[in-house]
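*Asks:* Sequences are here, hints too, so could you generate the full structure?
The lines below spell out each chain.
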Amino acid sequence: MNWDRRAFVKFAVGAVVGLHASPLIPKLMDDSAIWTQNWSWVPNPEDGGLAFANTVNPATGTGVRVRLIKGRMMGERIIRVEGNPEHPLSQGGVVPADASAVQLLYNDEVRVAAPLVRDKKTGMYREITWQQALDMVGGKLAELAKAGKAHTVVALGDEADSIHGQILSRFMAAYGSPNLAFAPRADDTLALAAWALTGQTDVGFDLMNASYVVSFGTPLLEGFGAPVAVRKAFVEWKKSKGALVQVEPRVSVTASQAGTFLACKPGTEALVALGMAAVMAEQGLADESATSAYGYAEFKAALAKDYNPKKVAELSGVPADKIVAVAKAFAKSPKAVAVCGPGPGGDPGRLADFMAVMALNGLKGNLGKPGGVAARKPLGLKALGEPANVDKPRLDGGKKGMKPANALALAQAALAGQPYKAGMVLVAGGNPAYAGPQAGVMSEFLSSAPFVVAITPLLDETAALADLVLPGTTFLEGWTDCRSSYGSPVSSYGLARPLVKPYAQAKTVGDALLALAAKLGGAVAGALPFASVEEALKAQTAPLGDLAELAKKSYFVQDKPAYGPFAFKTPSGKLEFHSQNLAALTGKNSDGAALPHWEKPAALAHGDGHALAMAAVPSLRSATGFQPLTPHMLKVLDGNTLRHKDELVVEINPKTAAEMHLAEDSMIVVTSAVGSVDARVHLYAGAAPGMVFMPTGLGHGAVSDAYTLGKGGNFYRVAEAAADSLSGLPTWGLTRVTVTKRG
Amino acid sequence: MTTHEHGQEKRSKADWLLFVVGFILASALGFWLTPTILYAQKAQPFQFSHKLHLGEVGDEGCKACHPFRKDGSFAGIPGVEKCKECHSDDTLGDKPEEKVFVEQYVKKGKEVPWLVYAKQPSCVFFSHAAHAENAGIECTQCHGDHGKTETLRTYEYNRLSTYSRDIWGKSLMGLGSPPNRMKMDSCADCHRENGVRDACFVCHK
Amino acid sequence: MSANKGEHRFGMVIDLDKCTGCGACSVACMSENNIGTLLDETDKIRSITWLRVYQIDNGKAFPDTQIAFIPRPCQHCEGSHGHHTPCVSVCPATATDYDETTGIVSQIPTRCIGCRYCVGACPYHARYFNWFDVPWPKGAERGLSPFVSPRMRGVVEKCTFCYHRYQRAKNKAFLEGGSVGEKDYQTACTEACPSGAITFGDLNNPKHKVHELAKNPLAFRLLERLGTNTKVYYVSQRDWVQRKLDNYLAGEKLPVKAAS
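Chains as they are written, first to last, in our numbering: chain A, 97 to 839; chain B, 7 to 211; chain C, -2 to 257.
Hints were generated in silico from the structure; no laboratory data involved.
Treat the numbers as computed from the prediction; the structure is a model and nothing was measured.
Wrong hints could be hidden among the right ones.
Result set (DSS-like, lysine-lysine): computed pairs, CA atoms no more than 25 Å apart in a straight line [stated by the list, open to error]:
#	chain 1	residue 1	chain 2	residue 2
1	A	Lys634	A	Lys597
2	A	Lys649	C	Lys241
3	A	Lys597	A	Lys473
4	B	Lys76	A	Lys648
*Replies:* Encoded structure:
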């Protein structure tokens, strides 16, 4: 045997075959294949026992159910928010903001973990303890109070009725500042409109039982009240062949689903309502209860003079015969209701417009009737108590009473230093630097204020301008509550309890304020004798039973609207077309100022030939107001909105665009008196000529998450908010803009 | 020429012996090398006697600590909460392991990071209910006589795939049991033998 | 319509006249199935939405314009001859198959080799390729569901009719005895829809609502004439909507539907 080449080859081949006969190679190949399926960075969610818990999303009013997974090592975590099938109003349905709520809970990149102090020079944040943070704010507040400047502290909240809003109100009153404003809501406008005509303030529309619904520019199917409850009513109409008439300038989802679409010129929705009222009055179609109402004759005369169908047709662009036909159908339908509501983009609406629509309901005589306007039964909650009266002038000159404070007016007055400058700003909920009203002014106000504290769960635009950021909670990790949704005919109460431990050091707004009150002591601590929000809620909900039981159920809903004779609480004791309440509030009693009337929107007042009217695109897929846009919501924005990387896309009617030499994808700048934004054109045949429709919820800057950062432009930077002539609330339904080409 | 032919003949036989030697050496190397390079070992947090515990729980057997949840899913390894049904803050016996458990986990409210021998990757949906309840297969058929062991064997895992060695099976050739091999083909084989569906979505998620 | 020999034929009936395009179904699907968000979601070729809501319009000028929304999950094609499902028939890796007993087209991402042949074969754009790993934000893993395996880059994924829910429902049935009822197995989108536009169930089972609904003379399927024999039915009273969802010649009449 020679060890030569041939022998070696045999040995080597034997070795290779032998190696292959061993499991090494097949095993390595198999394992390599598996290795490519198990990248360490692909998450591997831990399995565990599944549990469900009911709660409510205060942002949408939806009754939701949460899926919790209790894993052995990771502990209990929320994997999903879905509908609560037992909730009588939402019946298992959800909207995108509900279904993606977990994304705001579990995102370390945007959550505020601990109190942060922002260095004014570098803009960098530094973590401090809660104790240090409370010392800091408490010290400032004590200092201002000592200097007799307690009234210069401005507080901005999100929901006045929530437990946190009530704690904030009591805190501010006890501390001694009248300058408190909440995010403007259509609920306030509706309450004022109802109060003007009926003396009642808590009313809703019985959509579910109505057979004929006329909606005046309200985004019924795109974010009206509790959106899920409205949708359930919509399905009922479909089943019972109910009719829906939509009056607005854009082919929205609601307009498209409506049997009749009355395309009107921008801002003339309520004018059409008055046109219908004129037809009813003239043709004797008004209900008996209306003809005997206070000021009916005066109203009838005004209708005949200013709002006859011919005149209304001229101004609104809706043909007179259509107005007459809808008015007759409305009057003859057994259960008809006229609906007013929040405008697109969360606009709280104009009081005169709401009064016109409520007057139409008055003429129909549907108050307190099934399918009409219902006065909601009081919830029977024990409110924390009326806050003390502060005997100091409010920044915006307003008085305490029915007139809610206007955040924008407060900011503008403080910026001008008239009557005085702000000593400190406390933002307890909401994101005014992004959502305004009028984001530009609010941002300027926050940047120029000497000391800004923001309690927020997310590092948002407001946090970016705050000197001190306190970590807030989402509804999934802290106690919170919500009242009846806008327009709902039944009163309801929603209660959210902590389902998982709060993120890092987060506290609810109320708990943060209670801790601060304890720090300040004295009158403030005396006004808030609660150790926690949970205790305050216990006191508030005592009439509804045990808090723990109620929290487990998560809601209380009145079973059906309160039908029956409507209790008028007006000076005359009956329905008032000539509103004495309003006359007392505004001080104007003559020239029809106290009658339901139509005012030309300020945005349309000056007739510049190049200008267009801008309005928001209502959509449940995008975020409205200060609500954050979750990554999943960003994914479902419609294809046109997301067509260009990072660019905002606005809708313009093809004819209008052609007149302006604009085409699909044209690069433009939309400029209003208060700001401008770069955009691209999308030709949408359903857009009214002469208008620009802009999506909301985009254009987040600052330290928002990587998905929304820099995507699109911010509607609230361009929208001009004007104080309503009657309610004093800021409204931003329409803005006069110019569109110019760029690039 | 003849010598040359003769030499060739003679040499070829010996050469084939070399082939065999190469074959044996290399495959032996392969058998020895494979587990050495592929598998790493980890010790369990502390020792645990299944035998002792199984004796304590009575007729309920494995399900006493490894029950089904109400929704039909299998709870797997119990958490400390379950253990606390018997083990309070004081030790029950005099075993050092129990002391470790009570001191370091029960009192501190910490979970035990047990290493799971039969853990499948996240793409696998294995229904214990279908096998143990519906088909009536004994736990031991797949997991072996785990319940009779007094100590926990060393946990071995594949360095490449990160799977527990039990998935491939203790035997490198995929032979021998129990515990049974838990690769996809073993599942599929058994399904086929028993006339059960073996479509993708039966066992994958 | 060829009848499936299998026991079940899970399918869906979507009432387009009820759909208001709110996107709740799509978002519910994402949270149910661990679908992530890419840094640039404007890129619709790479964006992953198992159930996508398309918007269509009737092409008329203002104010006669009308819009409608088409929620599009995987259509779970049965094919017309011998289960010739477009994607299944082209997959070289058997990473997708047609489940005979449920009628569901499966997708096993870990088996997928990423050739994307199925993506091209699908007439409904219902299949999505993971061009990137999902950039989960830090902490997001706490919100992920253990019931659906998160995917990696380089594989295809699609709607599974929430098959994992069927698996779990069967678990419960095994433990309690009995079978999986209509309520026990519902997809996430069906539950989420605030208008109740989506109905899901076994098309073969006369007790399930979809059985009757699919027989509605107004029910039709997407690109029905391709012969894909899908299990997602759409219902609309609107003529123009029906026309938009299949290839009709100008002036061609809609097929006469059998009276129910």
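*Asks:* If a hint holds in the structure, say so; if it doesn't, say that too.
*Replies:* Hints and how they fare:
1. For the given pair, Lys634 of chain A sits about 20 Å from Lys597 of chain A by alpha-carbon distance, which is consistent with the 25 Å threshold.
2. Between the alpha carbons of Lys649 of chain A and Lys241 of chain C the distance comes to roughly 45 Å, so the proposed pair goes past 25 Å and is violated.
3. The straight-line distance between the Cα atoms of Lys597 of chain A and Lys473 of chain A is roughly 35 Å, outside the 25 Å bound, and the hint therefore fails.
4. Our distance criterion of 25 Å between C-alpha atoms is met by Lys76 of chain B and Lys648 of chain A, whose separation comes to about 20 Å.
Hint check: violations occur at hints 2, 3; the rest are consistent with the structure.
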